[in-house]
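Fit chain R with the ligand to the known structure of chain W by using the hints.
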Amino acid sequence: MADLETFRKETRAWLEANCPAEMRQPPESEEDTCWGGRKWVFKSEAQRVWLERMAAKGWTVPEWPRQYGGGGLSHEEAKILREEMRALGCRSPLDSFGIWMLGPALLKYGNEQQKREHLPKIARGEIRWCQGYSEPGSGSDLASLQTRAEDRGDYFVVNGSKIWTSYADKADWIFCLVRTDPKAPKHEGISFVLFDMESPGVSTSPITLISGKSPFCQTFFEDVQVLKANLVGQLNKGWEIAKFLLTHEREMIGGMGMTGGRHRSLGEVAADTVGTEDGRLADPVLRAQIASFEVDSWAFALTLDRVGDLFKTGQAHPAVSSMLKYYGAELNKRRLELMVAAGGSEALEWEGPRSRDGFTVRSWLRSKANSIEGGTSEIQLNIIAKRILNLPGA
Amino acid sequence: MLRDNARSFLSKNAPIAHLRQLRDTPDSVGFSRKLWKEFAEMGWAGILVPPDYDGLGLGYVEAGVVMEELGHTLTPSPLLATSVVAATALVRSGSEAQKKAFLPRIAAGDLIATLAIDEAAKHRPEKTALKASNKANGFVLSGAKTFVIDGHVADLIIVGVRTSGSPGEERGLTLFLVDGKAKGLKVERTSMVDAHNSARLEFDNVAVAADAILGTPGQGWKTLEGALNAGRAAIAAELLGAADEIFARTVTYLRERKQFGKLIGEFQALQHRAAHLYCELELARSAVLKALQTLDESFENAGAVVSMAKAKAGSVATLAVQEGVQMHGGIGMTDEFDAGLFMKRVRVGQELFGDANFHADKLARLNHY
Ligand SMILES: Cc1cc2nc3c(=O)[nH]c(=O)nc-3n(C[C@H](O)[C@H](O)[C@H](O)COP(=O)(O)OP(=O)(O)OC[C@H]3O[C@@H](n4cnc5c(N)ncnc54)[C@H](O)[C@@H]3O)c2cc1C
Chain W
1 MADLETFRKE TRAWLEANCP AEMRQPPESE EDTCWGGRKW VFKSEAQRVW LERMAAKGWT
61 VPEWPRQYGG GGLSHEEAKI LREEMRALGC RSPLDSFGIW MLGPALLKYG NEQQKREHLP
121 KIARGEIRWC QGYSEPGSGS DLASLQTRAE DRGDYFVVNG SKIWTSYADK ADWIFCLVRT
181 DPKAPKHEGI SFVLFDMESP GVSTSPITLI SGKSPFCQTF FEDVQVLKAN LVGQLNKGWE
241 IAKFLLTHER EMIGGMGMTG GRHRSLGEVA ADTVGTEDGR LADPVLRAQI ASFEVDSWAF
301 ALTLDRVGDL FKTGQAHPAV SSMLKYYGAE LNKRRLELMV AAGGSEALEW EGPRSRDGFT
361 VRSWLRSKAN SIEGGTSEIQ LNIIAKRILN LPGA
Chain R
395 MLRDNARSFL SKNAPIAHLR QLRDTPDSVG FSRKLWKEFA EMGWAGILVP PDYDGLGLGY
455 VEAGVVMEEL GHTLTPSPLL ATSVVAATAL VRSGSEAQKK AFLPRIAAGD LIATLAIDEA
515 AKHRPEKTAL KASNKANGFV LSGAKTFVID GHVADLIIVG VRTSGSPGEE RGLTLFLVDG
575 KAKGLKVERT SMVDAHNSAR LEFDNVAVAA DAILGTPGQG WKTLEGALNA GRAAIAAELL
635 GAADEIFART VTYLRERKQF GKLIGEFQAL QHRAAHLYCE LELARSAVLK ALQTLDESFE
695 NAGAVVSMAK AKAGSVATLA VQEGVQMHGG IGMTDEFDAG LFMKRVRVGQ ELFGDANFHA
755 DKLARLNHY
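Residue numbers (the working numbering), protein chains in the order written: chain W, 1 to 394; chain R, 395 to 763.
Bound conformation, chain W alone:
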């Protein structure tokens, strides 16, 4: 305990000394989130310095082992780091699919060479990863995927296409599910491979979302050569890795809505637009909806703390990530529905500085994907029913 208190003091002092003032301001646009990678253009010197300093300490991935670029912190220490960062309002120095998804999977299933090769580059933000799971014909039924990888001795040749690949056009490498045994039952012929997006035969084509942004792509593979050293785990045993990675993705999406403090609260927004009477919102129905949302949102934040902690330390049923994903996604959608309702016509502006280019309305539209990406809400409920409640035939 005393050690943890010392750690807290030292951490606070270090953050105060090293986190640039600009990096303590709430993010105002997507570019304020640093995703790293070969193509990343830092929005400011402060963003670059902050990443460099945190990466040098291994604190972009505090709990990963030091030999792979991590901070080697215990779970308790990492929690303290998060708390102190929150207290000072420090931005995350680096967000990426490598950190949230591939890293945990490589730590568990990768061989030593793969860990040494890929993890430090993720930790330092040098390589940005994208996720090649979904295909045009294989969404919820992911295991039906058709992208093929044929064995050519030292390497595989990959042919097929992926869809909804977030940031495929900005990513450097892809972790990809491919079919290596077309004759086996669908779950048993899938392998998990890694390859460079600059490999000959890879192309991407962006798709515009209803929010007006194009963060994702259709991704095509034509005779792409992938060295066998880039097969993670065993041949045809990729489904287990795929599922493990998904639990981490889901846990992460579940936490997305809880960025607390960053935005103005719903009550404040509504007070400005509908006004107050005797200190209460003048629209009693909206007020009731906001209040009940806040009850749920607080209870969910506590659940992320309680269950999320157990999950991260491997003490919870892996399927609780489906609970966090489902509830967090639905809650974030509710939050943005209320945000738009509270904002009235002002919240509907699409462009221009007054609305910060339609920040609210675009966030609202983007939030609709929360219950689709990473496995839909219906699929999460199926998983809970089957894996946690042991209901029949699910």
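The hints are simulated quantities; they were obtained by calculation from the structure and are not laboratory data.
Be careful, since some hints might not be right.
As the list claims (entries may be wrong) - Derived coverage of chain R by chain W (criterion: at least 3 residues anywhere in the stretch with Cβ under 8 Å from a Cβ of chain W; other residues may be distant):
| no. | stretch |
| --- | --- |
| 1 | 646-657 |
| 2 | 697-707 |
| 3 | 751-757 |
To be verified - Computed list of chain W residues with no C-beta within reach of chain R, every gap over 10 Å:
| no. | residue |
| --- | --- |
| 4 | E10 |
| 5 | E16 |
| 6 | E76 |
| 7 | Q113 |
| 8 | S203 |
| 9 | T204 |
Stated by the list, open to error - Derived SDA-like pairs: lysine to any residue, alpha-carbon spacing no greater than 20 Å straight-line:
| no. | chain 1 | residue 1 | chain 2 | residue 2 |
| --- | --- | --- | --- | --- |
| 10 | R | K575 | R | G726 |
| 11 | R | K756 | W | F293 |
| 12 | W | K386 | R | A663 |
| 13 | R | K756 | W | E268 |
| 14 | R | K652 | W | P392 |
| 15 | W | K386 | R | K656 |
| 16 | R | K521 | W | R280 |
| 17 | W | K121 | W | E198 |
The C-beta atom is built at its ideal place from N, Cα and C for all residues, glycine as well.
Chain R with the ligand only, in chain W's frame:
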């Protein structure tokens, strides 16, 4: 440990059949005095009473564990009113003499105590109108209270009284310790849907001595809120236990009942509702635990989190019993089957010390909207 002990003790000595028996056989008490003595022997009656007054001196988290287990078996007992609400008020605001007089007897299971606060159909403590007038060496109380847990058997009643200001104001409230047998006190036991104790009290110039005041005259609000918050968190724990129990029984039924040649648990419409309810229960669990922990760690600052937990536990338990009855079909509607008993108790627990609307409203006010 405590949880395991409580669970095995209650399932053996006070299963749901115990509640049925109390409900179906005329009885003037409403709970088993023998069982209550056993609670006392295990230390539960004095779970929050400091060791100096013969109690266990444990915290709200532990009291919550017992309350939660009582929710599984729907066991009526004085634990909520006596050992949580009244004990909290006495421990936190009682004079040395008051503590000495009452706490050891509470811990021994010899004194039933309660809080009389509501005066109308909905919980609005600041609207207290029951008034006190000065009289030689003390006061006389007149007015009425309702929804008083264990009111007809209470030896000691902590009464919320308006000594100044007007209904609607938090200032001007004073708590009085009144003997359950005081002259001028008319007690009517009310038969409630959940077959748990409740009473209406009429104070017709009930004389009380000057030293019957608990805490500081005119400043009873803080003590009252503290006691209420303890009670709210405890009832939230009981609601959670009841909701967990009906949910477990419902899921079991989904795995057993067949229709259309299939187990009904194979129907996705039911699977999704069950899975959603599972998530809601996890949220309620986090909320209740945090409320109890906050009472232990920072009692004065627990108001908001307790309101959140009471609101959440109340609405989740309501959903759990509604789904429980629905997913059992016709059998869920029969008195012989237990689902209805859960529905009844949960409805009363939802209402006690403020329902989900009351607490969501309170949270909104605390957050200035
Ligand atoms: C913004 C965004 C980003 C994404 N990023 C990526 C990415 O980076 N990489 C990647 O690989 N994928 C990504 N995806 C894809 C995502 O994982 C899929 O969209 C998702 O799994 C659903 O598949 P689908 O779109 O084919 O819908 P479908 O599977 O066709 O589903 C259509 C509807 O049917 C329902 N449904 C399907 N099966 C069942 C069932 N068994 N029971 C009940 N209902 C069912 C679904 O819930 C849904 O409502 C992203 C998606 C979005 C929206």
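- Violating hint indices (sorted, rising): As far as the earlier hints go, only 10 is violated by this structure.
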